[in-house]
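Visitor: Residues per chain are reported as follows:
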Amino acid sequence: MSEKPKFAMYWAASCGGCEIAVLNIDEKILDVDANFEVVFWPVAMDAKYKDLEAMEDGSILLTLFNGGIRNDENEYLAKLLRRKSKILVAFGSCACEGCVPGLANLSPAEEIITTAFHTVSTDNPNGVHPQPTYKAPEGELHIPRLLPVLKTLDQVVEVDYYMPGCPPESHQIAAVIDLVIQVLQGKAELPPKGTVIGAGISTVCDECPRKRNVKTIKSFTRIFGQPLDPELCLLEQGIPCNGIATRSGCGARCPSAGAQCIGCYGPAEGVLDYGARLITAYASVVDANEPDEIERILDGIPDLVGQFYRFNLAGSLLKAGQTAWKPNGGNGR
Amino acid sequence: MTGGNGQKPVEERIGVYVCHCGSNIAGMVDVQEVAEWAASRLKHRGVVIGRDYKFMCSSLGQELIEKDIKELGLTRVVVAACSPHLHEKTFRTACERAGLNPYLCELVSIREQVSWVHTDRVAATSKAKAIVSGGVERVIYHAPLQPLRVPIHPATLVVGGGIAGIQAALEIANAGYPVYLVEREPSIGGHMAQFDKTFPTLDCAACILTPRMVEAGTHPNITLLTWSNVEKVEGYVGNFTVTIRKKARKVNTDLCTGCGICQEKCPKKVIDEVYEAGLGYRKAIYTPFAQAVPKYPVIDVENCIYFEKGTCKACEKFCPTNAIDFKQEDELLTVQVGNIILATGYDIFDARKISNYGYGRLANVFTSLEMERMCNAAGPTNGQIVLRDGKTVPKAVGIIHCVGSRDRNYNNYCSVICCMQSLKFAHLVHERTGAVVYNFYIDMRTPFKDYDEFYQRILEEGTLFVRGKVAEVTDAARLPGEEGKLIIQAEDTLAGKQRRIPVDMVILSVGLEPRRDAKEVAKLFGISCSANGWFTERHPKLDPVATMTEGIFIAGCAQGPKDIPASVAQGAAAAARVLGKIQQREIELEPVRASVNQAQCSGCRICNGLCPFNAIAFHEDRMVSEINPALCQGCGTCVAACPAGAISGTGFSNEQILAQIDGLLLLNIGEEAIA
Ligand SMILES: Cc1cc2nc3c(=O)[nH]c(=O)nc-3n(C[C@H](O)[C@H](O)[C@H](O)COP(=O)(O)OP(=O)(O)OC[C@H]3O[C@@H](n4cnc5c(N)ncnc54)[C@H](O)[C@@H]3O)c2cc1C
Ligand code: SF4
Ligand code: SF4
Ligand code: SF4
Ligand code: SF4
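First to last, the protein sequences are chains C and A. Each residue of the first sequence is one higher than the one before, counting from 1 in my numbering. Each residue of the second sequence is one higher than the one before, counting from 334 in my numbering.
Watch out, some of these pointers could steer you wrong.
[Stated by the list, open to error] Dumping the calculated EDC-like pairs for lysine to aspartate or glutamate here, alpha-carbon to alpha-carbon at most 16 Å: (1) C:Lys211 - A:Asp954; (2) A:Lys579 - A:Glu564; (3) C:Lys211 - A:Glu564.
Since the hints were derived computationally from the structure, they do not count as laboratory data. From a predicted model like this one, the values you see are computed outputs, not experimental measurements.
Work the whole structure out from these sequences, hints included.
Guide: Printed below as a string of structure tokens:
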């Protein structure tokens, strides 16, 4: 048993969907069990941080790390798992590029807490405010401290591979697990460090079955409440589909089902800033010359950050909004 | 997750050369310090030598680089001097002479971007260092490039058969190369064919023009396509494919002998707005003038009775050779050419726009073009200068210069030829009618050979000159002697008073304007127009007949107002440029081009409609886009637009740009170094 290579999976600032996606690979999960010794996976088994700390450095072969680095506990675990693992995979959009939790980078940490605990939508009659330390009769208790901004995994530790998706598609996870097993059996080789695995190098349009023409956009509209041509590219129908800029690999599930791509697979190969790419692309095909008309067309996109950076703000060149940076002095490059 | 730009370990040997540009740069930047700084602080980035020199672009400056390449084995060169627009080529060529691929040289600007725009010497010097550092980081990522070579098709398309176009066509044809001369009117000749005499020599326009027209019409190397329009232009320098619509003449040119009987017999008279400037008539079947080339008439179907009512056919009945062919259809021709010359000329300013001069309202106010027709012996009045009634000879004539030119309300520019044309009319009116002639001018502009002498001559002939702008031409008499006359109200700035001068006839020297369709024509051929609408030359002084689009040249008034000698000179110059290209057989294109990574392209088609040079094609079968490298001009539009990051531009890769930014921020020597 101890001869089997060791496997770990951890969740930091994430929703848990990535874990479900791994379980969603059905009977393939038995292959994981057959080929690996699972040493640390909080969602699936009981394990203590101290057990992990006690392990020899580099003794875990493969760690799938999902979630962004939002607090000091996330950061500690990221560093710890980095030390203990030979192969560290940033697993899912949060670890790769921050994902939805990364949108909180628009506001300072303190403001996030205030919003969560002290606005009308919160039922908090006693005005409870979270404290990092608390003296209980049993002794002093600590809860993790929020970092000034959410960071992606590779902004904190070195990452070997990236696996995008919110969550990664199960068939892609299965394929990656297959690959690792083949490598273990000496039948395949690992890709070069830094590779994005479990995804394509083009964009969602590449897998999208919809017909397309030379693009000109006269207006943007939202998806509901109007008849859409089921065969024509959504973007050409004014639906702001992010498929043009989003890495392929999902099989174009959303546009195939009639909903626009919202970008969960992140930027395509070689693209530095997903939102910037998308903005230039949209701007290039907006069919108007008059400033007023251009403005009118762009007003059809109600939430600009949500449209262009929903999954990518923390991993973008901007990384965070200015206000989030200031009070804590930023977090360096 | 795409990560920053890891610094590439450097194996390159880089030379840095900082130019003083006399005191242009050295006056604000401590150039010596910059050079020394680069040599010491950027040593670990591969810089093996840093030099400063008075004029890097001088032969001695260039030799400095060449010598270092050979002796120090430089593999990259950074020159910190002026804008790449000026001297990129100079330094690239210097590198090439020393055996280094020219594209391994980077020119960074510390003049336009530093010394000329700053006032603090210390800060300017720091900025110059940062810019040099950016250049060093960037040049590491440069790759040796080879220019693209494409063959040049030996045929040339000339658009517009005025004097400029005729000249260009003849020069090329005489050199032995084929020319397609496309003219939209039924005959070539342009404006010059309308004139009687030409300034300053007063030789007869037809006498000097028709031999050229005939030569162009019969030249074995010239395919003359009149009554034709260019509809589509595809391709690129050396290899244009041009689609030309040959409008149906409704006359079979194989049979027609040009006898003119049809024109005589045709019952339908039409006011000739083009050739006769509205002053005379032509028939529905017509050649614009007797010496027209080609001699074949055209039927103007919009005015022909047969096409309107289905009967008439007088022309057909009388034509001795059965040449009339009512069923003839437009023909679409596709021709291959290597180069294109646009010589589409000008339109005249619409004098109706200045309502206080009364053109169109007061019968005896004429435009200069009408005047040309009136003076012409073959014109509507057989060369008699008479009032609108066709018989009365004027006793006093006023000629107004600068109508629509040099006027903030109309055209700001000087139309160049109006002063001379007004002097010409003064002479002709004087000679033919003996009338008193008044010329109203703002400034007299008679430069060029023999022009001012012509002015002196007109002064001696007794023409009266009033210096000042005419306020109004009116028929409302106020003073005795004004009844039945046109009164010209003007400020005489020399006499310092307002004057009212009664005359019988007024000639408006209208200015020249870009063709009404100049913008569409420019778009069709992929060139640009100036703010005033004239075709834009590549360089106003040093490259007046080339355009920013390779293989497209301009000549004559299409480029701006000018006289016949200048139009002819430009026609010949454009021809010389084209011949130079043809004789190279191949052309070298800058290798700065965009290309699509076919594996990364998703076929989203965002880029498809964006290329100003139509270089991007979409392959429906493979669902990918591809760029034709010979068409691409490396503008970068598509590179920025591609959301998949599938398009990259040589010389402007992400690595190069990011490395340059790192260098600018001095990340290569540790952030603390930022001044
Ligand atoms: C009243 C007047 C008097 C003048 N007198 C003199 C003088 O005495 N001496 C002198 O030196 N200069 C004189 N000039 C100036 C002279 O007319 C110009 O310098 C000369 O005609 C310019 O020649 P061009 O070939 O450039 O243009 P144009 O003569 O305008 O010829 C252009 C030709 O292109 C054709 N064309 C236009 N568009 C197209 C198209 N899209 N496709 C195909 N064909 C097209 C037109 O039909 C025309 O035949 C005078 C100008 C005016 C207005
Ligand atoms: S619908 Fe979306 S994914 Fe499909 S082709 Fe259009 S833009 Fe691309
Ligand atoms: S058919 Fe037309 S062109 Fe011929 S004579 Fe009659 S009106 Fe003139
Ligand atoms: S924009 Fe990019 S991905 Fe889209 S078709 Fe053009 S090259 Fe391909
Ligand atoms: S770089 Fe410019 S010229 Fe070249 S293909 Fe792209 S858009 Fe066209």
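Visitor: Against the structure shown, which of the earlier numbered hints fail to hold, in ascending order?
Guide: 3
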